[in-house]
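Engineer: Listed below, chain by chain, are the residues.
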Amino acid sequence: MSTLKVPTVAEMVARNEQPDILFWVGCSGSFDDRAKKITKAIVKILNYCNVKFAVLGAEESCTGDPAKRAGNEFSFMMQAIQNIELLNGYQIKKIVTGCPHCFNTLKNEYPELGGDFEVIHHTQLINQLIREGKLLLKEGGSFNGKKITFHDPCYLGRANGVYEIPRNVLKKLDAELQEMKRSKAKGLCCGAGGAQMFKEAESGDKEVNIERTEDALEVKPDVIATGCPFCNTMMTDGVKYFEKENEIEVKDIAELIANAADL
Amino acid sequence: MISQVFFILLLIIGFGLFAWNIQFIRQNINLGKDLDRSDQKSKRLKTMLLVAFGQQKMFQRILPAIFHLFIYLAFLLTSTELIEIIVDGVFGIHRFFHPYLGSLYTLIISTIELLSVLAFVATLVFLARRNLLKVPRFQMSEMSGWPKLDGNIILYLEIVLLICVFTMNGADEALYLQGESHLPGVGTFGFLVSSFTGPLFFNSFDVETLHVLERIGWWGHILVVFAFLNYLPISKHFHIIMAFPNTYYSNLNNKGGLTNLSAVKEEVTKMFDPNFDPYAAPSDGEAGMPERFGAKDVEDLTWKNLMDSYSCTECGRCTSACPANQTGKKLSPRKIMMDTRDRLDELGRAKRKNGKDYHDGKSLLGDYVSEEEIWACTSCNACVQECPVNIDPLSIIIDLRRYAVMEESKVPSELAGMLTNIENNGAPWQFAQADRFKWAEE
Ligand code: SF4
Ligand code: SF4
Chain A
13 MSTLKVPTVA EMVARNEQPD ILFWVGCSGS FDDRAKKITK AIVKILNYCN VKFAVLGAEE
73 SCTGDPAKRA GNEFSFMMQA IQNIELLNGY QIKKIVTGCP HCFNTLKNEY PELGGDFEVI
133 HHTQLINQLI REGKLLLKEG GSFNGKKITF HDPCYLGRAN GVYEIPRNVL KKLDAELQEM
193 KRSKAKGLCC GAGGAQMFKE AESGDKEVNI ERTEDALEVK PDVIATGCPF CNTMMTDGVK
253 YFEKENEIEV KDIAELIANA ADL
Chain B
6 MISQVFFILL LIIGFGLFAW NIQFIRQNIN LGKDLDRSDQ KSKRLKTMLL VAFGQQKMFQ
66 RILPAIFHLF IYLAFLLTST ELIEIIVDGV FGIHRFFHPY LGSLYTLIIS TIELLSVLAF
126 VATLVFLARR NLLKVPRFQM SEMSGWPKLD GNIILYLEIV LLICVFTMNG ADEALYLQGE
186 SHLPGVGTFG FLVSSFTGPL FFNSFDVETL HVLERIGWWG HILVVFAFLN YLPISKHFHI
246 IMAFPNTYYS NLNNKGGLTN LSAVKEEVTK MFDPNFDPYA APSDGEAGMP ERFGAKDVED
306 LTWKNLMDSY SCTECGRCTS ACPANQTGKK LSPRKIMMDT RDRLDELGRA KRKNGKDYHD
366 GKSLLGDYVS EEEIWACTSC NACVQECPVN IDPLSIIIDL RRYAVMEESK VPSELAGMLT
426 NIENNGAPWQ FAQADRFKWA EE
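Chain order of the listed sequences is A and B.
Position 95 (the first sequence) corresponds to 107 in this note's numbering; numbering is contiguous.
Position 314 (the second sequence) corresponds to 319 in this note's numbering; numbering is contiguous.
These are computed hints drawn from the structure, not numbers from a lab.
Keep in mind that the hints are not guaranteed to be accurate.
Derived coverage of chain A by chain B (criterion: at least 3 residues anywhere in the stretch with Cβ under 8 angstroms from a Cβ of chain B; other residues may be distant) [as the list claims (entries may be wrong)]:
| no. | segment |
| --- | --- |
| 1 | 46-55 |
| 2 | 204-214 |
From chain B, some residues computed to sit far from chain A (all C-beta separations above 10 angstroms) [said to hold, decoys possible]:
| no. | residue |
| --- | --- |
| 3 | PRO69 |
| 4 | HIS103 |
| 5 | THR193 |
| 6 | SER209 |
| 7 | LYS301 |
| 8 | ASP347 |
| 9 | VAL410 |
All C-beta atoms, glycine included, are put in the ideal place defined by N, C-alpha and C.
Required output: the full structure, derived from the provided sequences and hints.
Structural biologist: See below:
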């Protein structure tokens, strides 16, 4: 993995340079072993397309999304104000995130607090790179004939109305894209949002991720595609629950694309 | 003459009582906190026309949408017929518009009759659906008792109304055929339905009885309309009025963004400001009662949250899409809205009786909504997406959480750990911030 080039904003600024876009990695992408792979897939794509990007590295901090949704506006505000100060200090104009939760918070909640950036999700960036011809996928790649189903992350879909772009990207894979019975605006949550990721569920008769995995299993996919590290965890656990981990992969769109472009 | 006086009295009482009731609801909604929704007027108007008038979101479920549309259109058109009833009633005339409008009159009444038949069918379907089919979203615990009765009462009223309309038109048709109608002349009105049902059902009655029947239909019609009008404010059917302002004042931003609490922002900004002197005297604006963080009771919610509660149709589309509810958790977004309304009615009544500073010591969180409910939410926005009148149950849930966490420090223990981690390490897990960039080296 030594081939990855991951410049930090601090380094760039020291060289008197500015990144065109900041890659906001997020807490999952930085610390969670599974999500780190997604982070690296995104970096591979950025490197391959020669995008002039940078990360904050150790200067990055939680956006405050889980704190806000857990009702602690103080913790959220401390994170937000410090992050905004840092980003404004570096004169950041454009941000791509590896996580829909970071995407949502940076895009919808920071502007009012003085953090006005153009924020996109990594699937939107990938879509753009493909459209501009900078990212070429191999003909008849390894996904030929495979069946992929896309699980809409709530914070990308309903929360921000991004439904078609991830699908456009997946359609480039030469695979069969099949919708679950509940998708897009009707998509069912994976169960992790609203700070649920960090706690046990209230008592009920089922876990939400099991309910959602059943939706996915109905279409008998080879791959369940997601665009969110939390969804990835929940769906992976769901697939394991049904002991299907040898038949079904749960992958982020960035990983599928990096794979198809042979990166 | 007597009947005219009686009618005018009825008119005054009917509308007066309605205005009286509405004013209480207005007062109740105004108990909520400020929120500025005066921007983007044309976009708001468009949203209202599409969602409320155009029933855009209803058509996600096509069959109920069609039946609902029949009742809705019948309601709208019958309201226009009401104009004639009022003119006739006040001036003691019969079918005032008939001579002026000619064939247009026939067309209008025929359309009303057609829609009334369709509405009649729809009403029977809805009654069956509510009581025989046991559609899950109408059988949940929050729907037992009054809400169930409320759902049925309106359908019964609808049936009485339709019977009145057809008795009125049918008997009048039979009279007109004999030249005995209060409308001068002889012939048929040519209305779509009653030109058949009139002769069919009413020809066997004598003229005297027909006049009585026609009057029963006419008076019954107007009485049911006023009963309905004054029943609305205590019923979920208030949505037929509230749907319009409620969609107009919809949240037009992306659904995912939550509000930022400005009081918290000020506090935190001060904390980070090296020049801030904590011992300095507070400026004028800051003196007085500190704001409560989040919502404990309905007064802590915004007026839009409260308006939402009066707009709820109790249809349960939100709850049937809710991931927490589908997996057996206690949370039901519909119940959140019903609780908000019930509590608001209760508090509003108490305040009118005992003065506006009175508080009965009860609250929305605790007495109506439990902590277990609010912590089951994944903030997925499915409820907001599904609601046919753009209600936002999620923002109430978040405000209740804010109160529980920031004012009472009541937070599920794992979340308390997560929050500490964010404050100490800048991540929800226990990893050192310095290690945040290690992934690039692995
Ligand atoms: S936002 Fe909360 S209440 Fe609404 S549907 Fe999702 S989990 Fe249920
Ligand atoms: S909140 Fe909306 S979707 Fe839910 S019951 Fe009320 S009207 Fe129906």
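Engineer: The structure should be examined with respect to each hint, and the outcome stated for every one.
Structural biologist: How the hints compare with the structure:
no.: 1; hint: 46-55; in the structure: holds (count 4)
no.: 2; hint: 204-214; in the structure: holds (count 11)
no.: 3; hint: PRO69; in the structure: holds (16 angstroms)
no.: 4; hint: HIS103; in the structure: holds (49 angstroms)
no.: 5; hint: THR193; in the structure: holds (51 angstroms)
no.: 6; hint: SER209; in the structure: holds (55 angstroms)
no.: 7; hint: LYS301; in the structure: holds (12 angstroms)
no.: 8; hint: ASP347; in the structure: holds (23 angstroms)
no.: 9; hint: VAL410; in the structure: violated (4 angstroms)
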